[in-house]
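Novice: Listed in order, the protein sequences are those of chains A and B. Counting in the working numbering, the first sequence runs from 1 upward without gaps. Counting in the working numbering, the second sequence runs from 1 upward without gaps.
It is worth saying that the hints were derived from the structure and are not from the lab. Hints are not guaranteed to be accurate.
The calculated DSBU-like cross-link candidates involving lysine-lysine, where the alpha carbons are at most 30 Å apart (straight line), are [to be verified]:
| id | chain 1 | residue 1 | chain 2 | residue 2 |
| --- | --- | --- | --- | --- |
| 1 | A | Lys80 | B | Lys66 |
| 2 | A | Lys74 | A | Lys226 |
| 3 | A | Lys243 | A | Lys210 |
| 4 | B | Lys315 | A | Lys154 |
| 5 | B | Lys276 | A | Lys129 |
| 6 | A | Lys210 | A | Lys80 |
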Amino acid sequence: MKQIFYLLLIFSFCFPLTVDEILDKSEANDNFKTSVSLNIEEVHNSDGTVKVSEMKAYSKNGSEKTLMEYTEPKRIKGMKILMLNKGDDIWFYSNRTNRVRKIASHQKNQSANNSDFSYDDMSISDNRKDYKYSLAGEEDRNGSGCYKIDFKAKAKSVTYSRFIIWIDRSNFVTAGGEFYDENGVLWKKLEVKDVKKIGKYWTAGEIEMKNVQKDSRTVIKTREIKFDADLPDDMFTERGLRK
Amino acid sequence: MKNLRSLMFFLITASAFLCRGEEDQDLKLGGYLESRMSYFAYEDEMTTANALFRLEGDYDVSDKGKIEAHLLYYYNMQPVDPFSGFREGSVYDKIIDKYYQESLDGISPVLDDLTPDELDLLNRILDIYSSGYFDNISYSSFFPKETLVMDRALIKLFFGSSDLIFGKQQIAWGTGYVFNPTDIWNIKNPTDPDGPRIGVLAANFDFFFGENSSFNIIAAPGSNFDNMKYGFRLKSTIGRYEYSFSAVRDKSDDATILGIPERFQIGSDFSGEIFKGIGFFGEAALSNPRYIGMELSDTDSAYFQFCTGFDYTFKSGLYVLGEYYYNGLGENDYKNYDLTAFTRLTGGVMSGLAEKYISAVVSYPFLNYYNCTLIGLVNPGDMSCALVPELEYAFHQNILVKLNSNIYLGSRSTTEFGGLVNKISFCVTGYF
Numbered sequence: 001m002k003q004i005f006y007l008l009l010i011f012s013f014c015f016p017l018t019v020d021e022i023l024d025k026s027e028a029n030d031n032f033k034t035s036v037s038l039n040i041e042e043v044h045n046s047d048g049t050v051k052v053s054e055m056k057a058y059s060k061n062g063s064e065k066t067l068m069e070y071t072e073p074k075r076i077k078g079m080k081i082l083m084l085n086k087g088d089d090i091w092f093y094s095n096r097t098n099r100v101r102k103i104a105s106h107q108k109n110q111s112a113n114n115s116d117f118s119y120d121d122m123s124i125s126d127n128r129k130d131y132k133y134s135l136a137g138e139e140d141r142n143g144s145g146c147y148k149i150d151f152k153a154k155a156k157s158v159t160y161s162r163f164i165i166w167i168d169r170s171n172f173v174t175a176g177g178e179f180y181d182e183n184g185v186l187w188k189k190l191e192v193k194d195v196k197k198i199g200k201y202w203t204a205g206e207i208e209m210k211n212v213q214k215d216s217r218t219v220i221k222t223r224e225i226k227f228d229a230d231l232p233d234d235m236f237t238e239r240g241l242r243k
Numbered sequence: 001m002k003n004l005r006s007l008m009f010f011l012i013t014a015s016a017f018l019c020r021g022e023e024d025q026d027l028k029l030g031g032y033l034e035s036r037m038s039y040f041a042y043e044d045e046m047t048t049a050n051a052l053f054r055l056e057g058d059y060d061v062s063d064k065g066k067i068e069a070h071l072l073y074y075y076n077m078q079p080v081d082p083f084s085g086f087r088e089g090s091v092y093d094k095i096i097d098k099y100y101q102e103s104l105d106g107i108s109p110v111l112d113d114l115t116p117d118e119l120d121l122l123n124r125i126l127d128i129y130s131s132g133y134f135d136n137i138s139y140s141s142f143f144p145k146e147t148l149v150m151d152r153a154l155i156k157l158f159f160g161s162s163d164l165i166f167g168k169q170q171i172a173w174g175t176g177y178v179f180n181p182t183d184i185w186n187i188k189n190p191t192d193p194d195g196p197r198i199g200v201l202a203a204n205f206d207f208f209f210g211e212n213s214s215f216n217i218i219a220a221p222g223s224n225f226d227n228m229k230y231g232f233r234l235k236s237t238i239g240r241y242e243y244s245f246s247a248v249r250d251k252s253d254d255a256t257i258l259g260i261p262e263r264f265q266i267g268s269d270f271s272g273e274i275f276k277g278i279g280f281f282g283e284a285a286l287s288n289p290r291y292i293g294m295e296l297s298d299t300d301s302a303y304f305q306f307c308t309g310f311d312y313t314f315k316s317g318l319y320v321l322g323e324y325y326y327n328g329l330g331e332n333d334y335k336n337y338d339l340t341a342f343t344r345l346t347g348g349v350m351s352g353l354a355e356k357y358i359s360a361v362v363s364y365p366f367l368n369y370y371n372c373t374l375i376g377l378v379n380p381g382d383m384s385c386a387l388v389p390e391l392e393y394a395f396h397q398n399i400l401v402k403l404n405s406n407i408y409l410g411s412r413s414t415t416e417f418g419g420l421v422n423k424i425s426f427c428v429t430g431y432f
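Looking at chain B on its own, in the form it has when it is part of the complex (with noise of 0.2 Å):
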């Protein structure tokens, strides 16, 4: 399977490069490569390394439609458990535990029913994998050391006042930087809110109309029509501000499997700006879970989660933003986040496990070549916090160097962040 998709790989991207030789104005080819390694600095010190390889492809048909297609490539040299960026004692493994204790009270009366030999199997499997044999070996099948992604698969077709854009997109709402409560179709890591995200496969309808006004009507499909998102957005300017509403229905086959419910939200957001000439952002977005047997209007588990806030960039070249998020899910208690909690940051629902989170990114030009940035994040409920500090040195005007490092403070059994891995990360990015 692994050799297929390489070999798949191989292909796609030889054949694009001899499709350059014959590049046309209308076909755009580019790229990057990126190369990365990083130190996780916990009770068993670890390094990783992994190459990232993006392929973008871009074809005018004519003024009448256009096709895009981008394809990652990622390739990890030493796999990654995904739950190695947790401490030990930290609240998520508390939930891990929690949860595999759990389970396996549910599994008891399975066990009951094995066979001599087949119990014994399966304490030998058990042992092997309570040992940590998995994780010891460096290049091991049991986490992939390769994905091949198709970020972007589209066909755009434009009518006179109309785009229809159809296949795997990246779709972007709302207007504020660190979070994103209106948007349901990504799923964004507030540490690293410019990482890349992948695209939504959905159908994707465009109504343009006044000077900078559209009517945005998007259907992405699961594997039933229950699995589906849906919603419409309108969007326009005041004066200096614009905004935007949207209205949606969540649902879809990850959620399903995490076991979240379905939800209906209507959202907001606008950007302008205040006291001629600081910038001023906010969305805010109100949600109500349908779990099983509710009826569609019983509004007793509704939330309402928001963000604001500013930025500002002095003449200096010194750029400083601020941002705070209300999230109504969210517990101001490190004992009640629990395994629901956990589901709903990693399916998206929430940004955080807490209610209340401030965040702030300085960033600051310097010596015409190198850029610092310093993103902090902060959970004042626990106390905990993540810093992540970054110097970028173009080396080259298509060759970025990056240092950066994710450094979380606070209680580890008790809090948020203290809970994760310090790591340093070295990375270098070549565009073509």
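Isolated chain A (complex conformation) (with noise of 0.2 Å):
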């Protein structure tokens, strides 16, 4: 048994993982069936003052479908977000008009809730789809050795030119990444820190958002994560943001 492993290990070594492979490993860190959290959302802004939001986040079919509800601040609780189909199509709910509205494309590279995360950087939307991207190296990032995995824009009509992302070679998780303008010129940058096994998933404790242009941050912490919970399916439609 230990001769398979070990040849399986040289065979692994003789043919490097592509980059596809990597994703998709990657990807899989998500595949969890449904999962529910408390979530803190901080922005630090370039004057030094701090805002603070709390939300609830549901996803099921590894974050496929996401419901986000916002419980403070006071100004915004009962406000929904809903996202399906890996947060190509985006639903808003205002609890003080009961109106639901659709996203339009247009609006997916705003800041959710003006914090430095956009609505498309909160979804897990398919960048193989809208970027061309390659295996760009090695590199060691935080002590952890990672893929470096360049993206470029097909077209202009997406958020970013171009990222790149850090893929911790450990575990597959999204250790970071850097994110440029239309001109080409850095604009956020990503840090996922506290990143722990969590039952069968490896899970992030703390993301950070850097806009490097307007010298703020955004950290989302996980306060509580639970996985794999009975969600109803209609949670994820209008009638569930409704509710």
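Build the complex: two chains, separate frames, hints provided.
Specialist: Structure (structure tokens):
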């Protein structure tokens, strides 16, 4: 048995993973049936002030469907965002007007709740469809060996002209990223911290997006997370938004 | 009566806050307090101040049901004459004068039968009224100072694939931003598209099928069966487009008082995007009013309304929206703005006196805490225009400060918007 394992290990060095295999393995980390999490979002503005929001997030089929509900601050409490088809379709619900509005693509690159994350950043869009991508080598990042993958936009309509992500070789979790604006200038930097295995799934405890052009940063901290609980399908529909 | 209302408000508010101590996860309380001061720039320059308190309570009974009650309490420190928003000599003034003249003509035979003492008393009352005496009393009871409104009071019952919402509720039909011709449930002010809408007392049944399709049946009763609004709406999705079809019968107590006939309306709306990212939306409604003596099959008075528009957000955060509205009941010539048109406007049958409108919205967030918005509404028929610039400042996550203005351009006596009074308001809203 051991011999087969060593043989496979030798084979894996002889035949390094292709970029698609790396991305497949990275996406497989999100292979949970459902997840329910409570998250704290801190927006650190360039003037030193901090805005704190709290939101509950419900996901199904590996984030193919996601429902987020803001619970703090009071001004936006009850506002919900529904993302279907990996963020291709986004609906926004305002509880004060009881109105459900589908967000057109042009709004996906906009800041979600005045943070440094856009709606696009918060969904797990199928980047392979919109970008040309290639393996740009391997680098150490925060002490871990990472694959470096370079994405270049196929069309101008997408949020970033180019972005680079680093995927941890040991667990295939995204360790960080750099995102460039339409002029090819560095716009945002992503840092993923406190990665640990909860049950069967690798999970980030903290995600930081730094806007280097605005000198602001947003940190999303996962306070609680549960996997594979029963979530009804109708939770991820317009009916679910209004409930 | 006013004291009773205040007492009721106090009791509801106090009990709500007392309940907070025992708040569990299923009971959610919140709301806001909004304080506004306005300056009206017209002949009799005037300032007003008012406050709005909104208490929102939601209780999840179980996964089978939910109770919601939202209470609005308006307090006007200086009550505003509802007609003070029109300038002297404006088209509205002329409509109202004409109405009074016609009313006086109607009652003149009655006046002939009055005794000299009765006539003298009537003349003295009219003298006091016409002197503007009531208008100049800051804390007059002539116009209401306090208003308590139950905006929402509803029970939601969840069944397998359907919901029944029973009670006073918000119903939002249509995809237009400034205009919603398919929405018979709300009266919308085009210069304040995001303004609060008071709930509708109705039984609302929704049947859901497929991923995002629904069939919605609504009945909103009046004081009798004849004054009942009812209808249905089928909503679904094709690709990146959402669309709906609706059919309604519209008649209410308010419409009856205003002399607006019942009408049957079929409508449709859609929203989606064109050119890979530009939001595109529209709605259309074909209405057939039934005046006294007309049969249901008579379509001589049928009219058409539609709106269509686009919106786009640039990467810089600049948001733009454009919308066109065609109102088949509207008039191109200001001379035809009459009392019938005015009652249709106030009764929510149409959203403007004119036939065509072009509106634009531009919004831009800056310096983390600020957002500036400009709403423009043009009546190309009489070349008048309403501009609503607004600056919003997030003083705190739960406190918003707003400075806005209503600027009306156009001839005072011959245009729709030129007859309205310019104003500037300062508003602070605190959320809890």
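Novice: None of the hints should be skipped; say for each whether it holds.
Specialist: Verification of the hints:
Under the criterion of a C-alpha separation no larger than 30 Å, the hint pairing A:Lys80 with B:Lys66 is consistent with the structure, at around 18 Å. Annotation: proposed proximity of A:Lys74 to A:Lys226 holds, straight-line Cα distance about 25 Å (limit 30 Å). Annotation: proposed proximity of A:Lys243 to A:Lys210 is violated, straight-line Cα distance about 34 Å (limit 30 Å). Distance restraint check for B:Lys315 and A:Lys154: the Cα-Cα separation of roughly 18 Å lies within the 30 Å cut-off, and the hinted pair is therefore satisfied.
With a CA separation close to 14 Å, the supplied pair B:Lys276 and A:Lys129 stays within the 30 Å bound. A C-alpha spacing of about 24 Å is found between A:Lys210 and A:Lys80, which places the hinted pair at or below 30 Å, so the restraint holds.
The structure fails hint 3 only (numbered hints given earlier).
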